[in-house]
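Participant: So you can see what is in the structure, the chains are spelled out below.
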Amino acid sequence: MSAELETEPTFFDTFPEEAKVIRAAFLGSFFALGLGAVFGIIQTLHRTDIFRGLIESTDYYTVLTAHGVFMVISFTIFFLVGLFTWALVRSLDRPLVNIRITWTWYGLMVTGITMTGVSILAGFTDAVEMSADVLFTFYAPLQAHPLFYAGLAVFIVGTWLAGADWFRTWLAWKRDNPDERIPLQTFMVLTTMIMWYIASSAVAASVLLFLLPWSLGLIESVNPTLTRTLFWFFGHPVVYFWLMPAYLLWYTVLPSIAGGRLFSDPLARVVFVLFVLLSTPVGIHHQYLDPGIAEGFKFISMTNTMFLLLPSLLTAFTVVASVEYGARKRGGTGLFGWLRTLPWRNPAFTGMMLAGLMFAAGGFSGMVNAGMNINYMIHNTIWVPGHFHLTVGTAVALTFMAATYWIWPQITNKPIYSLQIGLFQVVLWFIGMALMSNAMHAQGMLGVPRRTAEPEYSGFEYPTAFGGFEELNIQIAIGGTLLFISTVFFLGNVVLTMGNPRVSGLAESIPPALSGPTDAPRVLDDLRVWVGIALVLVVLAYALPLAAIINDGGLLGPGVGTYPVWVDAAARALGQVAATAVSPVVDTLAFASSRVGDAAAAVSVEVFA
Amino acid sequence: MHIHAYEKLWLAFAVILILLLIGSVTYGAVGPGVAMVADSEDQIDPGALDEDERFAEPRVEQVGDNHYAAYVIAYQFAFEPSPIVVPENSRVTLYVTSRDVIHGFEVAGTNANTMVVPGEVSEITVEVGEPQEYGLLCNEYCGAGHHGMEGKVHVVSEEEYANLNEGGETA
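Taken in order, these protein sequences are the chains called H and B.
Residue 530 in the working numbering sits at position 530 of the first sequence, and the numbers go up by one each step.
Residue 120 in the working numbering sits at position 120 of the second sequence, and the numbers go up by one each step.
To be clear, the hints were calculated from the coordinates, so they are not data collected in a lab.
Treat the hints loosely; a few may be bogus.
Here are some of the chain B residues that sit facing chain H, going by a computed Cβ distance under 7 Å [said to hold, decoys possible]:
{"id": "1", "residue": "Leu21"}
{"id": "2", "residue": "Met36"}
{"id": "3", "residue": "Asp39"}
{"id": "4", "residue": "Gly47"}
{"id": "5", "residue": "Val101"}
{"id": "6", "residue": "Thr114"}
{"id": "7", "residue": "Met115"}
{"id": "8", "residue": "Gly119"}
{"id": "9", "residue": "Ala144"}
{"id": "10", "residue": "His147"}
Which stretches of chain H does chain B cover? Using the computed rule of at least three CB atoms under 8 Å from a CB of chain B, they are [stated by the list, open to error]:
{"id": "11", "region": "453-460"}
{"id": "12", "region": "517-527"}
Glycine included, every Cβ here is placed at the ideal spot set by N, Cα and C.
Produce the complete structure using the sequences and hints provided.
Facilitator: Laid out in structure tokens, this is it:
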């Protein structure tokens with residue numbers, strides 16, 4: 001390394017205040033990853049019946065809620081705000097307008113997730129009357145403690161302020177550089193935040209207008225189809241909120257690690273614009289099997305969903321082309337021979353490439369999910385978590401971990417403790433996920449449901465295929481264990497890195513794209529146009545379904561009850577499970593004379609309840 | 001804006017793939033006739049199912065030539081009736097509703113699968129084949145006892161079905 005390079009300032013040197021916030025955001029993210037991983041391993045071993053000694057099956061849902069919320073709310077979004085702050089400040093080459101505002105949104109996010117986290121974890125103890133075993137989707141009329149909803153609202157407001165912070169900084173930059181194109185990374189940050197504002201408005205409305213007042217006893221009931229639909233209005237674009245930081249890294253960082261340059265800057269912009277337009281008017285594809293939503297609305301959502309494949313397919317092309325360009329510059333030749341010249345020993349590179357590979361597999365299972373009628377086969381089976389452990393669980397999570405090995409030294413001036421451990425860790429994640437996710441998809445085809453403490457039933461056996469239910473359970477357990485070990489290595493590596501002394505010479509640069517921003521039509525940078533079109537598409541996709549739902553069931557639903565999960569729920573549940581345990585006997589009776597049998601079942605439930 | 005020739009090829013491939021996928025779903029709907037669960041049924045008061053003509057007594061009944069209707073209630077943590085007994089080689093329209101929270105209704109290993117939402121009635125029609133016992137399970141988390149929520153669907157021979165119904169007017 002030349003002396004000139006060694007003295008090149010890092011991000012830490014140029015923007016020390018911002019670097020501090022980014023570090024805090026990443027550490028929040030990694031803390032959540034650690035918690036999520038602990039709940040993940042408990043869950044894997046419990047569900048597959050390898051080890052059920054640690055928790056009761058009724059507590060499994062507390063574990064599941066914690067795993068979901070800590071992984072997909074805290075881990076992903078804290079990483080996002082750190083990465084976006086870095087990308088925006090770096091690409092605009094100026095500090096944020098007011099660092100106190102920055103710390104304010106960070107503080108709000110931490111406060112919000114702490115409130116929600118406490119309400120979930122309180123479910124493990126009977127000492128406090130609090131619990132939020134409603135899973136990540138919190139479908140009413142199952143009701144969590146008010147703290148759960150309030151925390152989510154505070155957290156979301158924090159992310160809104162973060163977006164405002166970035167927009168203000170960009171506007172300040174624009175005043176100084178009126179004729180310049182928006183730098184690519186800033187463009188990605190701003191478009192992603194536009195999507196987030198549109199998407200999260202619905203879940204915020206659902207929480208603030210319905211769920212929070214209802215949990216506080218201010219309103220009697222809610223309309224379950226309405227709150228569910230508002231959740232999925234947010235619930236699909238949120239997956240792109242997790243994914244866009246990974247895309248930002250694949251587009252702007254991965255090519256430079258490979259020694260190349262981004263193939264096309266304009267196409268990258270087109271891809272992000274497509275996500276702004278298409279990621280929200282598709283949420284109903286999570287509700288293909290919902291009664292109360294007409295088939296036509298489902299079909300519109302399905303069509304939009306399929307077109308949403310387009311930006312991801314374009315990304316696959318651009319990323320591979322950019323990496324190939326890097327490989328050929330390093331002397332690679334041949335149809336596939338260039339692959340050999342890539343920096344496979346670099347965990348940042350290998351991790352992101354493996355993440356991209358897994359994303360392709362996840363894309364294929366996603367096409368099945370999106371196919372309205374084949375979805376009947378796999379809806380709410382463990383196929384679905386199998387799918388999203390490839391997307392958010394690998395494409396996103398593994399990219400974040402890999403990127404950490406590249407970005408952390410630049411925001412701390414501390415070299416990574418061990419790149420070998422890093423390489424081992426990312427490969428281990430890939431192997432673990434390949435095992436676990438593949439087996440989950442296979443079990444899903446057998447009809448094994450997701451979100452259950454005990455997927456084996458007393459009254460029937462699953463069809464035998466793909467090696468069978470039991471064998472697939474073992475694959476899931478091994479895969480999950482490898483993933484847990486990989487996470488421990490990752491977190492250990494980060495902690496040991498924090499103990500390293502600060503050095504100089506860790507700066508990395510990002511070369512400009514082969515086809516630069518001046519090739520892109522100006523209209524791409526006119527964000528108001530895209531906000532306008534996105535809103536029109538959302539109205540087209542959602543106005544009629546929402547009107548129909550409210551018209552049918554009313555704002556507060558057709559007299560649906562309230563089922564708080566923290567009041568005596570466990571005791572009641574245990575009684576009823578005991579009742580269903582005797583149901584084989586009841587079934588035999590019922591088979592002989594179903595009317596008598598039904599009466600017997602009803603009586604036995606009352607006796608045990 | 002400059003688009004590389006390979007990019008154009010790839011773009012064309014992507015659009016064709018998307019159109020094929022949409023086409024295959026459309027074919028599934030109009031060809032084999034796979035209909036989606038929809039809003040075909042009116043709202044229902046989940047607190048007053050025992051006053052409802054269809055759900056006061058969850059049951060299977062004949063509604064047409066080789067066509068049967070099953071009225072099923074899902075609740076924490078069971079299905080009623082269980083087993084759901086239907087004759088072989090018939091068409092069965094399932095009407096499923098919930099007395100309390102959101103549930104799932106899945107006949108394991110088949111595509112008979114729907115969400116069950118309180119206040120709504122899910123309607124799906126399935127074709128059943130030879131006599132067989134199927135497992136029925138709830139595939140949406142519905143509370144702490146969710147994993148114990150199961151039932152059965154029995155497809156029986158026509159004679160057996162007739163015998164079962166001799167004792168009473170419903171099955």
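Participant: Check each numbered hint from earlier against the structure, then list the numbers of those it violates in ascending order.
Facilitator: Per hint list: zero violations.
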